[in-house]
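Trainee: Construct the complete structure from the given sequences, taking the supplied hints into account.
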Amino acid sequence: MAEELNVLRTWSSPWGLRVVYALKMKGLEYETILEDLKNKSDLLLEHNPVYKKIPVLVHNGKPICESLVILEYIDDTWKQCPLLPQDPYERAMARFWAKFGDDKLLPSIRSGFYTRGKEQEEGVATAIGNLKFIEKLLKGKKFFGGDTIGYLDLAFGWMANVISIMEEIAEIKLIDAETFPLISAWINNFSTHPMIKDLWPPRDRMIEKYKAIREPYLRKEA
Amino acid sequence: MASNEMKLLGAWPSPFVLRARIALNIKSVEYEFMEENVLVTKSDLLLKSNPVYKKIPVLIHGERPICESLIIVQYVDEVWASGPAILPSDPYDRAVARFWAVYLDDKWFPSLTAILMSDGEEAKKTALEQAIQGLDLLEEAFTKCSKGQNFFGGDKIGYLDIALGSFLGWVRVIQIMANVSLIDESKTPNLFKWDQDFSGHDAVKDVLPETDKLVEFSKFLVAKVKGSGTK
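Going down the list, the sequences are from chains A and B. The first sequence begins at 1 in UniProt numbering and counts up by one. The second sequence begins at 1 in UniProt numbering and counts up by one.
Some hints could be false.
[As the list claims (entries may be wrong)] Derived pair list, reagent style EDC-like, types lysine to aspartate or glutamate, alpha-carbon separation capped at 16 Å:
id: 1; chain 1: B; residue 1: Lys55; chain 2: A; residue 2: Asp103
id: 2; chain 1: A; residue 1: Lys104; chain 2: B; residue 2: Asp105
id: 3; chain 1: A; residue 1: Lys99; chain 2: B; residue 2: Glu129
id: 4; chain 1: A; residue 1: Lys209; chain 2: A; residue 2: Asp176
id: 5; chain 1: B; residue 1: Lys156; chain 2: B; residue 2: Asp197
id: 6; chain 1: A; residue 1: Lys99; chain 2: B; residue 2: Asp105
id: 7; chain 1: A; residue 1: Lys53; chain 2: B; residue 2: Asp136
id: 8; chain 1: B; residue 1: Lys107; chain 2: A; residue 2: Asp103
id: 9; chain 1: B; residue 1: Lys107; chain 2: A; residue 2: Asp102
id: 10; chain 1: A; residue 1: Lys79; chain 2: A; residue 2: Glu3
id: 11; chain 1: A; residue 1: Lys79; chain 2: B; residue 2: Asp90
id: 12; chain 1: A; residue 1: Lys104; chain 2: B; residue 2: Asp106
id: 13; chain 1: B; residue 1: Lys193; chain 2: B; residue 2: Asp136
id: 14; chain 1: B; residue 1: Lys107; chain 2: B; residue 2: Glu129
id: 15; chain 1: B; residue 1: Lys156; chain 2: B; residue 2: Asp202
[Stated by the list, open to error] If you want the footprint, here are the derived chain B segments under chain A, 3+ residues with CB under 8 Å:
id: 16; stretch: 59–70
id: 17; stretch: 91–97
id: 18; stretch: 203–212
Read the hints as simulated data drawn from the structure, not as lab findings. Here the structure is a predicted model, which means the values were calculated and not measured. By construction, the Cβ of each residue, glycine as well, lies at the ideal position given by its N, Cα and C atoms.
Mentor: Right, here's the structure in full:
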């Protein structure tokens, strides 16, 4: 039976990108359905009634939600080009750090982005502390997955995508090449990878978008 | 330590620790349980094994620590692959089980604890409504996942049974302390029956904390959290 794969996502969401990159890595054909989050489609509301969020992968009519759950589903279903390592301990580590990225690292980076003054300084300091854990993971490796892009690279894709944009807008420095040589190299290797760069959201649009997101937080402070 | 020695750093009231214990029991894995009194002090071993979060549970397999309860459950399932399966075998069923487990931790458990911990009647009421809504979703999910059998995992307990079942002790506590009904024979009949089947299961019954002990502990916990003025 021909596989039908649809990805409900937005043009910029790093969580949506996790899914399409995974499908590309596996050599799978899919259709993107672009969503306007201010005007969510009936399809999105039907396929993700619990969260009403993107991304949603629809495989032969069946929806799978939550980007990291989707990555595991893709890896479980299509065995070529494995995303997760084979060894159970390495798998546990990949899952742990992906979750750390979403639950701890990203919020700390956001706290440096959405604030100013002392609160911003503290946010940046916490984010840098968290990034030090990630720097260690890359020792001796080009990608988190080793020689090739894997689950954890896709899970951390938002770092390559969004951090430099936040740094530029908020005038903060998180990933300094001296302090984080491995993460800096990884960002370059990841974002220029042939599987990755074609779907990379345009930087100028991203800057516009993140400036607009940041504004209400700054007005609140004034 | 021998390379196959298992230690579990945990605490008897923790539902997250319970998940790890049930998974190890399902696979008949022997382990040393090391009780941490985390509200008082954290052991050097805990701080060394989980420097990122400094939290329990931590499973230490040989020399290697594994942290985060759901990650531990999946690890145990994958290492002892010849034992009874915890994750379902079908990829879509696995995704459904994973989805609900994430929902429980990210959305449902915070609303459950907010019933006890939040200040003011309005906040408690909102938390209760959210918790009940979540249980309604899980009641519906049970029908789809169980396929007519006793557990979310079908004829045996699986990943989502463990993820939700670990909270049953606290559900009972909150029902008593807040005088509310969460899992109810008439409103959530599937979950009501499942609660009994799960709680009586061989892999669960000896590690499930006793409700009256948990009620006493919860009074202490609420006082500590509210008294200290920090969350």
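Trainee: Would the hint linking Lys104(A) and Asp105(B) be met if the CA-CA limit is 16 Å?
Mentor: holds, 15 Å
Trainee: Within a Cα-Cα threshold of 16 Å, do Lys193(B) and Asp136(B) meet the stated pairing?
Mentor: OK: Lys193(B) and Asp136(B) at ~14 Å, within 16 Å.
Trainee: If you draw a straight line from the CA of Lys99(A) to the CA of Glu129(B), is it 16 Å or shorter?
Mentor: violated, 28 Å
Trainee: Keeping to a limit of 16 Å between CA atoms, is the pair of Lys107(B) and Glu129(B) held or broken?
Mentor: Cα-Cα ~13 Å, so holds.
Trainee: Hint check: Lys104(A) vs Asp106(B), CA-CA at most 16 Å. Holds or violated?
Mentor: holds, 13 Å
Trainee: Run the distance test for Lys209(A) versus Asp176(A): straight-line Cα separation, threshold 16 Å.
Mentor: Violated, at about 24 Å.
Trainee: Given the proposed pairing of Lys156(B) with Asp197(B), does the C-alpha separation stay at or below 16 Å?
Mentor: Roughly 10 Å separates the two Cα atoms, so the pair holds.
Trainee: Holds or violated: are the alpha carbons of Lys107(B) and Asp103(A) at most 16 Å from each other?
Mentor: Given that 16 Å is the threshold and the Cα spacing comes to 13 Å, the pair holds.
Trainee: In terms of beta carbon proximity below 8 Å, does the stretch 91–97 of chain B have 3 or more residues touching chain A?
Mentor: n = 4 at 8 Å, threshold three: holds.
Trainee: Is the listed coverage of the stretch 203–212 of chain B by chain A valid when you require three or more residues with a beta carbon under 8 Å from a beta carbon of that chain?
Mentor: violated (count 0)
Trainee: Taken at face value, is the distance from the CA of Asp103(A) to the CA of Lys55(B) at most 16 Å?
Mentor: The hint holds at about 14 Å.
Trainee: So if I understand the rule, the pair passes when the alpha-carbon distance is 16 Å or less; does Lys79(A) with Asp90(B) pass?
Mentor: holds, 14 Å
The structure is inconsistent with the numbered hints 3, 4, 7 and 18, although it conforms to all the rest.
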